[in-house]
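Those sequence lines, one after another, are chains A and B.
Residues in the first sequence are numbered consecutively from 12, following the working numbering.
Residues in the second sequence are numbered consecutively from 474, following the working numbering.
Among these hints, one or two may not hold up.
To be verified - Just so you have them, the derived chain B footprint on chain A, three or more residues with Cβ under 8 Å: (1) 26-32; (2) 57-70; (3) 73-82; (4) 103-113.
To be verified - Rough simulated footprint, nothing fancy, chain B against chain A, three-plus residues with beta-carbon under 8 Å: (5) 46-52; (6) 117-127.
Source of the hints: derived by calculation from the structure; they are not laboratory data.
Glycine included, each C-beta is placed from N, C-alpha and C at the ideal position.
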Amino acid sequence: MAKAGKWLVGWGVILLCYYAGIVISASFHLPVPGTLVGLCLLLIMLFLFSGLDSFIALAATPLLTHMSLLFVPAVLGVGIYWQDIMQNWMAIAIAIVVSTAMSLGLAGKVTVLVFGKRGNDTDNSQI
Amino acid sequence: MITALTHSVTLQGMFWLTITLIAYIVGLAIHRRCYGHPAAHPLIVTVLLVAAVLMLTHTSVQKYQVSAQLLHWLLGPVTVALALPIYRQWAQLKHYGWRLIVSICAGGVIAPLLAWYSLWVFSAPTALQLTILAKSITTPLAMEATRQIGGIPALAAVFVIVTGIVGSVLSGWVFRLFNVQSTDAQGIALGTVAHGIGTARAIHMGEDVAAMATLALCINGIATALVLPLLYSFFSFLG
């Protein structure tokens, strides 16, 4: 019972931040999506009330773990754009395969440079 | 939320939600059978199975989307819930400081620019060019950002998933080619460029590598979803 209550509180806070984010984004005509404002609100809430962590975790962890399930309706709708995809399949393939591979390599390279010598022998004992 | 619920708490809604859940459970089982190989992502199996049932029952995708609205609606709250992993990695972020931020920003700028450039060179339609910009960030944020800049959210979801799979599959080979040996650097690159699927790959490389990847995924996701709409409104203001 206590767990169900915790779950409800967690969901309540998430929904509160979600709707507050949408209202704030819409009423101030922000170019930033409302859900992102909601994310920032929840982050602020977590920092203000550190006890909230376990409540949010109870509600959010199943949702975060099985996020892929939520994309199903959207991905099925992609059929409408089939023609656009086929007409540009080469460009899309290069953009996704070649550019992703290059970005991965370059991002890794930059990180090695930025971290300097620390990158290889980072002291992880403190974490 | 109310309309999403009323559409789902009907016989039809329940039917399609159940079908989707069963398909997803099968997808998860297959993913486990393949030892979590990125190419066996549960979403692929789920979408194929649901599409098969739609075809067999002669149901249109639009009708399915109305019935399964609840799932789509949950994308909003799940985006907000991303605050939790960020909050939990905060200590890591403070520990690595500016180096981590600079590394993530570098990857976060390189990946969309290269992808966009490939489409631009082939003069693909503008909507596609705008959609590909979000391909390296986590799906719910990518869909939200593309909606905001006039791209195609559904297509963004597909681009993002495929990018994650391709990035994870190619990562070992790419890191050898570019001689990136530090596992920390590999984790950051995977999280920045290949979001959640890349992070799942990084988990095999150790807990602290996975933590770096999660942090990279969160920061790049938020930064990109913030910067893209701002840049877009700036440019449309100019033009």
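Query raised in the report: Taking each numbered hint in turn, which are not upheld by the structure, reported in ascending numerical order?
Result: none
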